[in-house]
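Novice: Sequences and hints are given; from them, build the entire structure.
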Amino acid sequence: MEIGLGAYLGLAMVLFGIGASGFLMRRNALIQLMSIEVMLNAVNIVFVAVNRFHPADHVGQIFSFFVIAIAAAEAAVGLALVIALFRIKKTVESDNADTLRH
Amino acid sequence: MENNLIPWIIALPFASAIAIGLSGRFSTHDKLDEEGIRKHRGMIHTLAVGSVGLSFLIAVKLFIELHNPDLPARVLTSHVFDWFDITIPSASGFRDVPIAASFVLDSLSGLMTLVVTGIGTLIHLYATGYMEDEESYARFFCYLNLFTASMLILVLGSNFPLMFVGWEGVGLCSYLLIGFWYETPEYAAAGRKAFVANRIGDLGVLVGMFALVSVAGSFEFSEINRAASMMNGEFTMGGVALGTTATVACLFLFLGCTGKSAQVPLFVWLPDAMAGPTPVSALIHAATMVTAGVYLCCRLSPIFLESPTAMTVIGVVGSITALMAASIAVVQREMKRILAYSTVSQLGFMFAGVGVGAFSAGFFHVFTHAFFKACLFLGAGSVMHAVHAHGDADIFKLGGMKKYTPITRATFLLSTAAIAGFPLTAGFFSKDELLLGATTIAMNETALPSWLGWLVAISLFLAATMTAFYMFRLYYLTFTGDYRSADHGHDAHGEEGHDEDAHHDDDHHDHAYDAHPHESSWQMWVPLAVLAFGAIAVGFLGLPHAFHLPNWWGHWMDASISHLPGFGPDDEVTNMTPVYIAMTLGVAAWAIGMGLATVLYREKNEDTFTPKFPKPVFNFLFDKWRVDEAYEATIIGGNRGLAKFAGRIDKSFVDTVFTGIPAFVVKMASWLFTRIQVGAVHAYGAVLLVGVLGLGWWFMYPHPTLDVQTSTDSAEITAAPGLGYTYRFDMDDDGNFDFPQAPQALEIDFEDDASRMQIQRVVARVRAAIAPVRWPNDRSALGHLKDRNRRIYELHPPTSEIADLQRILQNVDGVEAIHWHAAGHERVFGDAGNAAFDYNEEDFVGYMLTVAQADGSEQEMRVLPELTIIPDSFFPRVQFEGSPPRVGFDENGRIKIFPTATVNDAGEPATRPDSVLVGGVRQDEPFLLGLGSFATVAQYRMEVFPIVRARVEVRNAFGNTASEEIEIVLKESAPERVALGGEVRR
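If you're matching them up, the sequences are chains A and B in order.
Mapping to my numbering: the first sequence position 18 is 18, numbers consecutive.
Mapping to my numbering: the second sequence position 361 is 361, numbers consecutive.
Hints are not guaranteed to be accurate.
[Unchecked claim] Below, in silico cross-link-like pairs of lysine to any residue (SDA-like), each with a Cα-Cα straight-line distance of 25 Å or less: (1) 667(B) / 98(A); (2) 89(A) / 79(A); (3) 89(A) / 676(B); (4) 90(A) / 681(B); (5) 604(B) / 422(B); (6) 89(A) / 674(B).
If you're looking for bench data, these hints aren't it; they were derived computationally from the structure.
Specialist: And the structure:
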């Protein structure tokens, strides 16, 4: 049986949903960062899969590399932020990072 | 004749003004030592005097050239550059009137130029001595040179706007120089007063200018004067008839003259203007600028002569001014103040002369007055300089000055004689000409009323008597008797017979002047001497021609100034009575005035005469007729009250509505929005997700958003682009998509000789035969895939079957033509976003009836055959006498106009402005209005355009489709979108 585009898209959707719900439901900043990574990877799957089925050029594959590179940078910055947050608040719960509001 | 030297007359002082003005900031005491400042001042007065002197030399050269016998027109012109165009309405629509920077030097402007530059040079020279102790030396000479340049623009400009530049320029310089010592608040206020009074007059100049231009169609003075005879038409402003154009224009121009030349009612600024340095008073407020009004009247003398009404007003106002100012001058006690009122009075003389048509005489008085009044002011300045008086000098604290300042005294005496009309001086001749002008009107038949002549003659006689009196009073009290400030402990106030403290308590009355006066330096007395010579001699230029004496002045001016018909310099004077009367009046005025003053004041140290006036009269005169107080109580007070009222409105209403309420709204909004900012990251994330989902939802469906470009017979519809959109167009509302443009059908390369369009239709038909199959998954059914990336398919149409079908159909009876209907091609989409289509009658849906007005506005109405039209709504802005034409349909659904048949009293059809015309032929019967043709209904133009309907369906990558239907009006127009219920189908 050939696996069609729909299956890949479905997988991406499920992954994105897991990431999004994780980001929204958890309060731990580290877990939220991980959820973001999951969502980014869901997007990568879409890019690569669509590229596989429409191989006119390879924009999709190239773009997924960009996404991976940016995700790495984002993780570095994000973790640094989490550490900075911990130093101030002695916690990594994102609920407490509301200094700008007050 | 063209002459390139003329602009240099203006350019030299102007360049000098800029150079001096720019150099001023580098010459303060903290930047230069004494030596440096001395050198810098040397540079300044070399430049200032030199530039004006050079201008004078050029002017002399040109004036001599003007009398070259090879130049019969006696006009030199210089066109420098085209300045700008202005559009004015004319009989045949609008037209552009060019305004050039061009100059004209004829005898009028030439003589004025000689006065401005010649006397200007002398006064510049005088000022180098007078202002030697002044800190702002550079600023003073910058302003003075700038004034000279502006005055020359005013005089030499050949058209109204250019003259107005000079007119405003001299006003500005006057303001700057009156307020030269701006640290003193009263002086700064005097400057403002002058500026405001002049602004009121300037409005009049502008209105007068446009009144003249509206008739003459040109801004050039020469053109306007040539059109003088056309100025007798009625002039209306805002629908109100105000009189003839000449009257309206001249009265408005004269309003400007009352401001600039200090006539009643705007004269109040000139006496206060003496706050400026004395050379300024001499140059601007005596010799040149204040005579600009007389110059303007002379420049436009043909226009003024067209309006006896305006001339009468001018004559009366001039007479009143002459009398009023002279009466004030009789009792004043400061030198410059007396001279200032004397100037106002003499300007009144000039305008009285203009008012009786003696333009040439009025301008002659401008010329002679420039000499003796400049000399008098400079002499007063010399006295003030000698005794170190600042601002003004009280003559009761002077006296006996002939001992200390002999040269000043001699020149002052000569000029006093001239202004008083001592026989054979300049003032004698010019005043005599003015009186002659008045008596001529009084005793001859002219366009002007004879009572005006008598009024002017008697007023001028009285004013001249007073002039001789107060001038010799001034002279005797200043220069004869004892020097009353020699003893410092002397109280000048005690010996007056009246209580003058009630009138003025200026601080310069409180202490006496320098006990040891001295004669001024050569820079100051040389100009005095030259001007005094002029005050005696220039009168011989205009000897009375009634005695067949050579009257050069009249002949010079005859080329530029008009005169009453029959009273020119070449006309024989038949009636000698007015001449003798005028001469008697002139001599009598001088003799009475001077004789009285000599008896009362010669070698006297106090005033024993004027204090004996009844107290109310004296106070009234001493308070200058209380004009300032009257203005303060009425106009200025009213204005101030209005300003206070407006200020309260601003504070209460405007600040609430435009500041308070918006601020409150913003405050509330910001409170609301800060509630949203909860500061929790996951809350922002949730909102973000909602937004992303909404965006995704929007991308799920296509959005056609059509735009239409039409011409008379075709239309181009453009749909919005989008990701993965494909389109198909039904352009003619027949349910078939004329432009499916499916890529798999259109991009094939057929070896068939059938045309592209036919193939397309055949393909559609073939597909219908194979249908139903789902699109786009059934692409392979159309043929085989040739190029996967470009999605090009190779099709194999059943050409033999088509040929068979055609053959069969052609043999069927009654079939005239074969159309391949694109059955089943609804599912074919193209990826082109726009499509063009030609329309024919079959595509017709309805009509668009447009009604264009004469003013360019349009009104449109959609007319579908099944609709009933209420035609009144078409003509909302025109008054129809009867009922407007109706619009309806004939049995075939074409537009039909029913003109309203009207009959007049005789029962015949009447032609009315609202008749319906088609092709120039009047229509009384109902008629059909064809497509593209038009009918004229009153000032309207009715046109009919067809409406067609088109539909576009868009499909995006998700397979969702949306369609939009639009109606298109076929006419040449800007892009138009007439979306009628564009439905979106999914």
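Novice: Please work out if residue 667(B) and residue 98(A) have their alpha carbons no farther apart than 25 Å.
Specialist: 23 Å, holds
Novice: Going straight from one Cα to the other, do residue 89(A) and residue 79(A) come out at no more than 25 Å?
Specialist: 15 Å, holds
Novice: Holds or violated: are the alpha carbons of residue 89(A) and residue 676(B) at most 25 Å from each other?
Specialist: 24 Å, holds
Novice: Assess, step by step, whether the Cα of residue 604(B) is no farther than 25 Å from the Cα of residue 422(B), and give holds or violated.
Specialist: 22 Å, holds
Novice: Assess, step by step, whether the Cα of residue 90(A) is no farther than 25 Å from the Cα of residue 681(B), and give holds or violated.
Specialist: 18 Å, holds
Novice: Is the Cα-Cα distance between residue 89(A) and residue 674(B) 25 Å or less?
Specialist: 24 Å, holds
Violated hints: none; the structure is consistent with every hint.
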